[in-house]
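With the hints as extra help, turn the sequences into a complete structure.
Those protein sequences? They're chains L and G, same order as listed. Heads up: the first sequence at position 362 corresponds to 362 in UniProt numbering, and the numbers run straight through without jumps. Heads up: the second sequence at position 342 corresponds to 342 in UniProt numbering, and the numbers run straight through without jumps.
Do not rely on the hints blindly, as some may be mistaken.
Derived DSS-like pairs: lysine-lysine, alpha-carbon spacing no greater than 25 Å straight-line [to be verified]:
{"#": "1", "chain 1": "G", "residue 1": "705", "chain 2": "G", "residue 2": "649"}
{"#": "2", "chain 1": "L", "residue 1": "397", "chain 2": "G", "residue 2": "735"}
{"#": "3", "chain 1": "L", "residue 1": "117", "chain 2": "G", "residue 2": "732"}
{"#": "4", "chain 1": "G", "residue 1": "322", "chain 2": "G", "residue 2": "370"}
{"#": "5", "chain 1": "L", "residue 1": "41", "chain 2": "G", "residue 2": "732"}
{"#": "6", "chain 1": "G", "residue 1": "735", "chain 2": "L", "residue 2": "114"}
{"#": "7", "chain 1": "L", "residue 1": "154", "chain 2": "L", "residue 2": "226"}
{"#": "8", "chain 1": "G", "residue 1": "50", "chain 2": "G", "residue 2": "66"}
{"#": "9", "chain 1": "G", "residue 1": "66", "chain 2": "L", "residue 2": "397"}
{"#": "10", "chain 1": "L", "residue 1": "171", "chain 2": "L", "residue 2": "226"}
{"#": "11", "chain 1": "G", "residue 1": "597", "chain 2": "G", "residue 2": "634"}
{"#": "12", "chain 1": "G", "residue 1": "490", "chain 2": "G", "residue 2": "87"}
{"#": "13", "chain 1": "L", "residue 1": "394", "chain 2": "L", "residue 2": "39"}
{"#": "14", "chain 1": "G", "residue 1": "578", "chain 2": "L", "residue 2": "118"}
{"#": "15", "chain 1": "G", "residue 1": "732", "chain 2": "L", "residue 2": "114"}
{"#": "16", "chain 1": "G", "residue 1": "735", "chain 2": "L", "residue 2": "41"}
{"#": "17", "chain 1": "G", "residue 1": "578", "chain 2": "G", "residue 2": "649"}
{"#": "18", "chain 1": "L", "residue 1": "117", "chain 2": "G", "residue 2": "735"}
{"#": "19", "chain 1": "G", "residue 1": "732", "chain 2": "L", "residue 2": "118"}
{"#": "20", "chain 1": "L", "residue 1": "397", "chain 2": "L", "residue 2": "39"}
{"#": "21", "chain 1": "L", "residue 1": "408", "chain 2": "G", "residue 2": "735"}
{"#": "22", "chain 1": "L", "residue 1": "408", "chain 2": "G", "residue 2": "732"}
{"#": "23", "chain 1": "G", "residue 1": "357", "chain 2": "G", "residue 2": "456"}
{"#": "24", "chain 1": "G", "residue 1": "649", "chain 2": "L", "residue 2": "397"}
{"#": "25", "chain 1": "G", "residue 1": "375", "chain 2": "G", "residue 2": "323"}
{"#": "26", "chain 1": "G", "residue 1": "473", "chain 2": "G", "residue 2": "649"}
{"#": "27", "chain 1": "L", "residue 1": "273", "chain 2": "L", "residue 2": "226"}
A short list of chain L residues far from chain G (calculated; beta carbon distances all over 12 Å) [stated by the list, open to error]:
{"#": "28", "residue": "41"}
{"#": "29", "residue": "42"}
{"#": "30", "residue": "66"}
{"#": "31", "residue": "112"}
{"#": "32", "residue": "142"}
{"#": "33", "residue": "187"}
{"#": "34", "residue": "189"}
{"#": "35", "residue": "190"}
{"#": "36", "residue": "230"}
{"#": "37", "residue": "253"}
{"#": "38", "residue": "288"}
{"#": "39", "residue": "289"}
{"#": "40", "residue": "410"}
None of these hints come from the bench; they were simulated from the model. As the structure is a computational prediction, the values presented were derived from the model and not from experiment. For each residue, glycine too, the CB sits at the ideal point set by N, CA and C.
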Amino acid sequence: MKKNSKLALLALVAFTTFSCSSDSDKSGNETGGGVDTGKTKYIITATTGAAGIADYLLTTDDISKGSITTTGNGIEQDGSYRYYITAQNNFFSLLYGQGNPGAVTTYNLTTEGKLVKKSDFQAETVHVFAAVNKDILTIKVPRSGAASIASMYKIDAEKSLITGEAQQDTKKLAGNGERAFFTWATQVGDKVFMPYMSIKGDGVDNFGTVNPDSTWVAVYNYPELKLEKVIKDNRTSYLGAYFTNGLYQDENGDAYGFSSAAATSNSVLTSTKPSAVVKIKKGTTEFDKTYFFNVEEKSGGYKIASSSYISKGKVLLQMYGTPGTNKGAAKLAVADVYAQTFTWVKDAPLEISFTTVNRYNLVSEDGNSAVVGINTPEGNWIYTINGTTGVATKGMKVEGGQITAIAKLKY
Amino acid sequence: MTTHKFLFFSIFFLFSLVSFSQQNQGVSVSGQVIENSGQTIPYASVAIEKTDLSMIADENGKFVFKNITPGKYTLKITAIGFATQKKHVEVSDRDSNFSFQLESELNELENITVLGRSQTDKVNKQSYSVTAIDAKKLHNSTLDLAHALDRVSGVRVREAGGVGSRSELSINGFQGNQVKVFIDGVPMDNFGSSFQMNNIPINLADRVEVYKGVVPIWLGGDALGGAVNIVTNSKPRTFVDASYSFGSFNTHRSSINAGYTSKSGFTTEINAFQNYSDNNYWVNVDVADLNTGAYFPNQRVKRFHDKYRNETVIVNIGLTGKKYADKLLFGFTAGENKADIQTGARMVSVFGQVYRKGNILMPTLKYQVKDLFTKGLNLNLTGNFNFGEEQNVDTVYRRYNWFGDYREYAGLGGERSRTLRKFKNNNGVTTANATYALGERHSFMLNNTFTTFDRKESDELVPESLVYKQPKKTQKNVLGMGYKFDYNEKWSTSVFLKDYSLKTTYSRSYNPSGNAGDIAYQQYVDHTTTTGYGAATSYYLRHNLQLKASFEKSYRLPTPEEIFGNVNDNLEGNLALKPETSNNFNVGASYQTSFNKVNALSFDVNLLHRNATDFIRPTLNNNQTMTTNVNQGKVTNYGIDGEIRYSYKTRFTAGLNATYQNIRNMTEYEPNQNYVSPFYKDRVPNMPFLFGNADATVFFNDLIKKGNNLSVGYNLLYVHTYYLSWPSMGSKDSKLEIPQQFSHDINAVYTLANGKYNIALECKNLLDNKLYDNFSLQKPSRAFYIKFRYFFTKSHN
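So, in structure tokens, the structure goes:
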């Protein structure tokens, strides 16, 4: 019986993985994204670190070796700070306008594989952006002041236009005297799950909270974006982090949430619960009380900083370097959320400045590894990290800038 | 010991040795230099022929030679713009006093004078690298101080838009707070937004001095790479200068300056000015659809939310010409301004309701006394305190586009960030300047400038906020000592030492118990002290060829805004900011010549080198919502600027100036990067590096009626194209750049009754070229202005 169900699961995984990829390929063909001839082009964004100057967009066919530079190479972008999302085989570059509206530039590939600008449109500065169906869902969340209305925008990823909006009063949503601050949004089934942190937003200690030991996920339907319910848990803290995804749907349709358990009050860590992974079973809108993966315990006391889903329950984790705290130089690990195992990454750089793990999720062609940018004091490289063995393989070196994101498009 | 330190001390000791060797006994010879009209001529040079005695008269044209042996002498008086006069005098065994009336030379041009230069040349002849603008020559124009400075070589004024928009000076690659602005030697730190370079009319100034690099000791305070000193007319006189101008974009400006000095020395002055503009000039932008975000590309639209107004009154009452006080003035400056905010830092963010306002309420004191206790000891004290406050208002929850359409949202919010935040900086400045002349050759100077800042903040939207209740105080003191040695009238040298100190009081929050919600503040007091030094020397190789050289190890202490931030400017404070420092070297030459007695030519050239470390540069804060300043790296600049001017009789003058600066990033390793920075040795981006001005004016003297003159002038501004980001980064076809810019301005001024009545017509940006500044903000399109001015003066002797 057990064997059978496992087999069935495997088959299902195989099927969904396959169908998923073929889906996205097909949509790439139809949708204003570049023509798909089956080839892949990687886009590496690199910041020179200079104030007021956005990342350079570099493109390459192979990230496993060699080097690439921003010197005399790459597309220069307007503005100062940008974020990226890939949807419908288009690459979107969102200007972070510090509360002001910002231009979004859409790029795609020509048949020769050259990255070209497709269009510009205006959008609000947001903290959350996620692909949902054929749209990009973006959310602008207020963190303080009298305004407590979060605005959600639906952007048609083919036409690069805003097609709908919805509002959510974050004080009402929190209902505890504080306000809800969405950390990210993830499509789960036909709904959108938005984990949030409860924050004071009082203008003094905006991201502090007096509720450090609870987990919340707001469930919205789509495309109406109507709030259906808020699901709660008290075994760990909030999922994800400011501007950081902490909820993934696996190939089975189950959702796994990652908590740093690093809520603060006046910049002092006040969570008493461990950093952990929780689960929401497919088709339900409740936390699975039978599932709890205590990562803090398995890792020897370290807390999760951010995460990136690979496949089949394998996840790349970036851990805070100082045990029991939300501080310290980043350390990388892989975990299997099914088997609840934790393995430190081997052959990763000893000293890491920052990585692309928190916001960008790129999986190798075979689906077994995470592709991440790792910036160190010695230089910046793209690594491929095997989700099962935890072995990191050094790939392309990026010169003239630190890697902020890696994405890929088909052509 | 580094080379320049060695050089400095060698020069210092050399002069200390040479200096104490002059002893004479005798009487004093004093006098005053005046014009035919009776008006005094400031800064004339007075020499006693066949002796090595010479000096420069003071601003009232007065001079005193001491220890003169009785006998017959010839005094030679030279003042640029006037015919040289020689006068034979006999000095008896009693102190004697002579008066000299100089003939204006403008109709004769006997000497090597270039039209368009005047008394301000005296300033230019200092050892420092300095350019003075004779503001009086621009009194008929509608320029504010900032735009007058834009015509000086080596100087660029960078502004965000039209009338009243935020402007920033850049001198030879240093900009913002690195360049200090003074008014009559008093630093204009934190005068608030109501009294700034961009709203002070040119008529308030007599001249404007621009020091490039080395800043002289009497301008106390800390400047990294240059200073601007606005000198107002301080001569006791009775005068009225009233003007009104009107022009494009519903721009109205008026100013009244009037002064009265009685025989008894009672002095009263009033300066009042007002600026108003809708600033609704045309811009080319992409306009977004408010619902879909789609852009209507390259629309030509009018700015719709950019009204600016300010009104300021300065009153001074006191005494002049008394024994115990050459000048004692009590003053009060009161003003206010309100400015609509049309855009964010980029033109993609457009607002329709946000505005800022501010005021200035500042009592001032000026005290000057000469020959205090002993001959040659002069003392100058000033003090002011600004009780003004600033506010940013953003309470309308709307989103606008460039068509002026908007969407209003439910609930409470703002266009950018809902706020009613007010702050009062309680800023005070005192300066004390003492000079002592020992004999004709030596003078000593002591200057102390003290600045205090104690910010109080509030926002009625969050009255309970503890953040606003924390101390934000700084006290800054800059003490300077200088020595000047005038070997003879050809060679003059100054050396100086400066001591900088900064005390900062602030607090940091912490959680005393570790329990959620518990908060406490710990107060800190930081002290920083450091020492700088410098030297300047000038030498007349020939009577019309002057060479100058100067060096300074300069420091700039971080400003209160850089330490504590300014939420209205989206600036986050950095409590750990260190002073920045630079070694500044300047070498310059100026040469005048004439031919056929009707053609005059002048040449000025300056070479400079800057080597700055711990450079304070802006960067984004942790969550990228504000900018913050950090100490970083090394920046060097090798630059050259020059000016050529020609005039033909009194009928025509033309000039050309140009600046090239090679500002390079010399930071080999960025923090936390053990590899060579990709833009090491790259040109510093977003900074013009080649620019210049050309101008020409034709004069029609005695047109229609004697005493009525017409001038027609043209001014061209050129800025070479420059990159917004590091030049070496990215592919060439994707580089963002500020395109090459030309701006043509023309003007015609008709003056009646020898300058009593004036009418001026101006056209700015004649060809309606697209002009840009920082972050490609567009500047005004073509504009026309007319100005009427009445001027009356009577001087006192």
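Hints the structure fails to honour: 9, 11, 14, 17, 24, 26, 27 and 32
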